[in-house]
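Please model the entire structure based on the sequences and the hints provided.
Same order as they appear, the protein sequences are chains D, L, C and Y. Position 58 of the first sequence, counting from 1, maps to 70 under this note's numbering, and the rest follow consecutively. Position 37 of the second sequence, counting from 1, maps to 49 under this note's numbering, and the rest follow consecutively. Position 137 of the third sequence, counting from 1, maps to 190 under this note's numbering, and the rest follow consecutively. Position 148 of the fourth sequence, counting from 1, maps to 201 under this note's numbering, and the rest follow consecutively.
No wet-lab data here; the hints were simulated from the structure. One should not assume that every hint holds.
Claimed, not checked - Below, computed lysine-lysine pairings styled on DSSO-like, alpha-carbon distance capped at 30 Å:
no., chain 1, residue 1, chain 2, residue 2
1, Y, LYS391, Y, LYS468
2, Y, LYS468, Y, LYS452
3, Y, LYS391, C, LYS468
4, C, LYS344, C, LYS468
5, Y, LYS505, Y, LYS470
6, C, LYS391, Y, LYS468
To be verified - Just a few of them, taken from the derived set where beta-carbon distance is under 10 Å, the chain L residues facing chain D:
no., residue
7, GLU14
8, TYR20
9, ILE21
10, MET23
11, LEU24
12, PHE27
13, THR28
14, ILE30
15, GLU31
16, ARG34
Claimed, not checked - Beta-carbon label-pair distances, calculated as ranges:
no., chain 1, residue 1, chain 2, residue 2, range
17, Y, PHE324, C, VAL95, 35 to 41 Å
18, Y, ALA126, C, GLY460, 50 to 56 Å
19, D, THR69, Y, ALA126, 24 to 30 Å
Even glycine gets a Cβ: it sits at the ideal position worked out from N, Cα and C.
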Amino acid sequence: MEGWIALYIFMLAAFTGIEVIRRVPAILHTPLMSGSNFIHGIVVVGGMVVLGMADTTTEIVVGFIAVFLGAGNAVGGYVVTERMLDMFKSSDKNKKE
Amino acid sequence: MEGWIALYIFMLAAFTGIEVIRRVPAILHTPLMSGSNFIHGIVVVGGMVVLGMADTTTEIVVGFIAVFLGAGNAVGGYVVTERMLDMFKSSDKNKKE
Amino acid sequence: MMPGVDFIVPAAYFTAAVLFIYGLKGMSSPVTARSGMIWAGVAMLLAVLVTFIHPKVEGNYGLMIIALVSASAVAWWWARIVAMTDMPQMIALYNGMGGGSAAAIAGVELLKVHSGQASMVPTTLLVAAFGAIIGSIAFSGSLIAFAKLQGWMRKTWRFPGQQLLNLVVFAATLVLGAWIFIDGPTPTLLLAFFALALLAGILVTVPIGGADMPVVISLYNALTGIAVGFKGYVLEIPALMIAGIVVGAAGTLLTQLMAKAMNRPLTNVLFSGFGKADEDAAGVAASGEIKSIDGTDAAIQMAYADKVIIVPGYGMAVAQAQHKIWELTELLTSRGVKVSFAIHPVAGRMPGHMNVLLAEAGVPYDMIFDLEDINAQFPTTDVALVIGANDVVNPAARKDTSSPIYGMPILDVDKAKNCIVIKRGQGTGFSGIENLLFFEDNTRMLYGDAQKVAQALISGVKALG
Amino acid sequence: MMPGVDFIVPAAYFTAAVLFIYGLKGMSSPVTARSGMIWAGVAMLLAVLVTFIHPKVEGNYGLMIIALVSASAVAWWWARIVAMTDMPQMIALYNGMGGGSAAAIAGVELLKVHSGQASMVPTTLLVAAFGAIIGSIAFSGSLIAFAKLQGWMRKTWRFPGQQLLNLVVFAATLVLGAWIFIDGPTPTLLLAFFALALLAGILVTVPIGGADMPVVISLYNALTGIAVGFKGYVLEIPALMIAGIVVGAAGTLLTQLMAKAMNRPLTNVLFSGFGKADEDAAGVAASGEIKSIDGTDAAIQMAYADKVIIVPGYGMAVAQAQHKIWELTELLTSRGVKVSFAIHPVAGRMPGHMNVLLAEAGVPYDMIFDLEDINAQFPTTDVALVIGANDVVNPAARKDTSSPIYGMPILDVDKAKNCIVIKRGQGTGFSGIENLLFFEDNTRMLYGDAQKVAQALISGVKALG
Ligand SMILES: NC(=O)c1ccc[n+]([C@@H]2O[C@H](COP(=O)([O-])OP(=O)(O)OC[C@H]3O[C@@H](n4cnc5c(N)ncnc54)[C@H](OP(=O)(O)O)[C@@H]3O)[C@@H](O)[C@H]2O)c1
Ligand SMILES: NC(=O)c1ccc[n+]([C@@H]2O[C@H](COP(=O)([O-])OP(=O)(O)OC[C@H]3O[C@@H](n4cnc5c(N)ncnc54)[C@H](OP(=O)(O)O)[C@@H]3O)[C@@H](O)[C@H]2O)c1
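Right, dumping it as structure tokens:
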């Protein structure tokens, strides 16, 4: 990918990230932290790509670590966020239960 | 440019545009309209590029039109927006004058 | 190592893109809006200057400069002298120019493909063709909008089968586009293609009433943005892609906000007649009688009030009464009356229309409040002064489920202790329906042109010493 | 025409990127947050599945599945059983894993460059090396943060010249990076490079006090995001670039918000000792005497109040008192008392910490108010009940210009008619300074562990029948 194009994508992603997060209320800051933590678990895809290309033992071991750690990031981040968000309820919903 | 990359840029630009504009208060909606009108005056750059490549008379004429209209968009949009924003003042500033 | 052209040009475009977004971000507050716009202006200048050394630009520098300078001069001069009330049509005009420029760029590019000097992969050709259609529609449509608002074109053509004709023209444009896509762009094909696209823009805009124009202008603004974004892709200039699509997305959002605040779906604005409302507007019959008041009594009421809220509407814009209103406000304030302004999101004929006019008269923006921020205050207000506003204060929106404006949020002036309404006569507002407010017990009508009445109020208050 | 792999794979990644942003957008309201996260989860699943047919993936499918399944199982299980109060360290752990994954990816890529199977243009190599450093620091740093918060590592190492050592290690990492850049990545060089980067992460984190950890975790979260974004560039997967940088930018903003709400610049958190405050905290001497109250009296006061505001703090988290507090609230509400919760942005040890705990106990979020929304209400409140909060209600922030927390916005509980403070004894809060609130005339201390005291209050209110 051409460097300038990458820079454009980075710049736009940064603007998007800042604008999206600025509207998150303080009440959701912990889930936001763990939710964004989950999102960068997408790194597992990168891990899979390098493990898929790995030939030598070292490459395979390191690639395996990359997938393992990435998957842990994604799954753990998701479950923790889910659990927290599950607890947020409004009075109306509370009454229904 | 690869189509997918272009799609990513379009997608991010759209998110950015929506998020940035969502925070604009109703009080500034007219300047926002003319300001965003000004921003797409950047099309003048595209006009310059095609005029710079034009060879045949038709191409030159159409290219000239592109530059002329684009420059009108940019300059007119800017001046109109400037004039409007110039008028917005808070009480403090008013008193100073 | 001196940075070469391949570094300077993209770096300048990149900077411009960042500054454009930064400039639009500044619009989130009146305090930062102006400096944001100035940065965006610097970005524009930078982008234009650097394009002279763009690697693809090989000649025609003289023509380029002539086009730039002449267009800038005309646009600058016109934008400087135009009255604030004429802003909507100026925006339409400049927006149309942008759309036209995008269409012209597509024209040159497609000609180049024809002459074999440029080649396009299918995707690029498709994007170029779509950009051409969108740009052309925005161009001709905006010019019609300009002509209508400027009063150069008063008639609203309507005839049976109009929608069908529009559909046929639009479909024909698409067919020609497909033809170009398959057979390549010959000059004849291109001519027909552009002509049809321009015609489509004209046909769609002609039947739309002048008062609906702001929504349409906002829509064309978004379309031009998208066309510019597409041209950016074809010319491989990401700054154009970003600026264009950011504006396209922003404009789409703004158009939707407008349509929603007017309580009309966008399709309704575009495809169905305006003024249909008065036929079937029966609903809750207005009961009670209309009582009027004269300027002197109204002046006394306000002068001895604790709290006054002024609600301006389209009539204030027509009468250009904003300066007088501000004079009146200053008089009242100096007597210790607390005066605020309440602005409905679609008061007037443009979003934010009233804010611009009040700002022009010198009203500081911290005296001006949005609907949500001020509605709770009407019950504790002594006098609500409505100046040429009608629909935006019509309690039918709350009370009459059969009203076309039912459900639209309104300013609750009827809840104030007293309400004074300035208008010239029995004229209805934009929506053409009866206003229940005028029949309320605590409402008094103050008939006359807003400017003259405001002058009478000023004299009345002054007479009290 | 069946869409082939070159269409399916990028299309899936593109969809994932859109859904990630959409998911984060959902976080702007508790109503949409959950469905947003679920969509993001679907996106993740889609991206992982499609990667099995990624054109670059040529083998090791078995290992891939083993790694995916085993890591998922362990992470799932641990994330399910962990207590809500342990959330900060779990976030640290999972974040560290992400950073480690990014570093490992860089490792494989650089080894491939060494073996000649892959080539990188200088820019790519640079980005790869930077991603490696950032990922490694986020990895080892987060693990230290985890160990500290989990109580596996209680000591806070501090020694003279520590900053210098850190600087030297970091500089050495950069030098090795430059060496790799120039001479190419040999295995030995790479080993030293990664070892140094990991060491840097450890050294920076070790001296930071446990209570400062949330800020550091948020910072490492941002760093991991950036590292992932860089890997996306190297591997040419835009979805990774976008997800990574969006998180990087968001995390940076969040870190700044936290540091600002704590009234400490970020550099202070990272580089200077924690607890320095108590030495030079003299300022306005506390005057007046501390008066205490017993559970029964406090219960009576609240039971007969019209309006009670509860202010929870770190002590509530320590005592796990949120369930009792909610029981108390329900009792009071059934007696007709209007109860609200007031949350300071940095109450507890994580942003939003209190909200999560209260949500866990079942407190509906519309009873919970932010500082700006509730501060005006304290003067009309009968009882402000402070539960294990200290710094966030210290009026020194308003009154004592020499206080380290001067200028920090606080909850104005001292303005309530009565203020009851639950804490165990003379312990100070996180900042280690004296609390002027305890000496106010209208403040009563209710000593004891928050959970036990809450139980006493419940019994007290129940006894009133
Ligand atoms: N803001 C936008 O973006 C936008 C865009 C398109 C449409 N609209 C629509 O426009 C309407 C705006 O509502 P509005 O309350 O501001 O205005 P309005 O409902 O259109 O009413 C304007 C009133 O002003 C009076 N008037 C006209 N000229 C006057 C003068 N010289 N002196 C004194 N009074 C004068 C008219 O009555 P007389 O003839 O009796 O004097 C009329 O009743 C809404 O229906 C909205 O949906 C808004
Ligand atoms: N939220 C964040 O993101 C974050 C991150 C890092 C740092 N911080 C800092 O943390 C502080 C948070 O303020 P805060 O008011 O919530 O808490 P705090 O100021 O740390 O005070 C906590 C109080 O709770 C009491 N306590 C402890 N255990 C208790 C128990 N079992 N039962 C009853 N009381 C107990 C302690 O007094 P006793 O020992 O006498 O009981 C202490 O005074 C701020 O200074 C903030 O800057 C916040």
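Here is what the structure says about each hint:
1. Y:LYS391 <-> Y:LYS468: Status holds; Cα separation ~18 Å.
2. Y:LYS468 <-> Y:LYS452: Distance ~13 Å between Y:LYS468 and Y:LYS452 Cα, so the pair holds.
3. Y:LYS391 <-> C:LYS468: holds (29 Å)
4. C:LYS344 <-> C:LYS468: Distance ~17 Å between C:LYS344 and C:LYS468 Cα, so the pair holds.
5. Y:LYS505 <-> Y:LYS470: Status holds; Cα separation ~25 Å.
6. C:LYS391 <-> Y:LYS468: The hint holds at about 29 Å.
7. GLU14: Holds. Min distance 8 Å.
8. TYR20: holds (6 Å)
9. ILE21: Nearest chain D Cβ about 6 Å off; hint holds.
10. MET23: holds (9 Å)
11. LEU24: holds (4 Å)
12. PHE27: Since chain D brings a Cβ to about 5 Å from L:PHE27, closer than 10 Å, the hint holds.
13. THR28: Result: holds, 5 Å to nearest chain D Cβ.
14. ILE30: holds (9 Å)
15. GLU31: L:GLU31 check passes; min Cβ-Cβ to chain D is 4 Å, inside 10 Å.
16. ARG34: holds (8 Å)
17. Y:PHE324 <-> C:VAL95: 35 to 41 Å: holds (37 Å)
18. Y:ALA126 <-> C:GLY460: 50 to 56 Å: holds (52 Å)
19. D:THR69 <-> Y:ALA126: 24 to 30 Å: Given range 24 to 30 Å: holds, Cβ gap about 25 Å.
No hint from the list above goes unmet by this structure.
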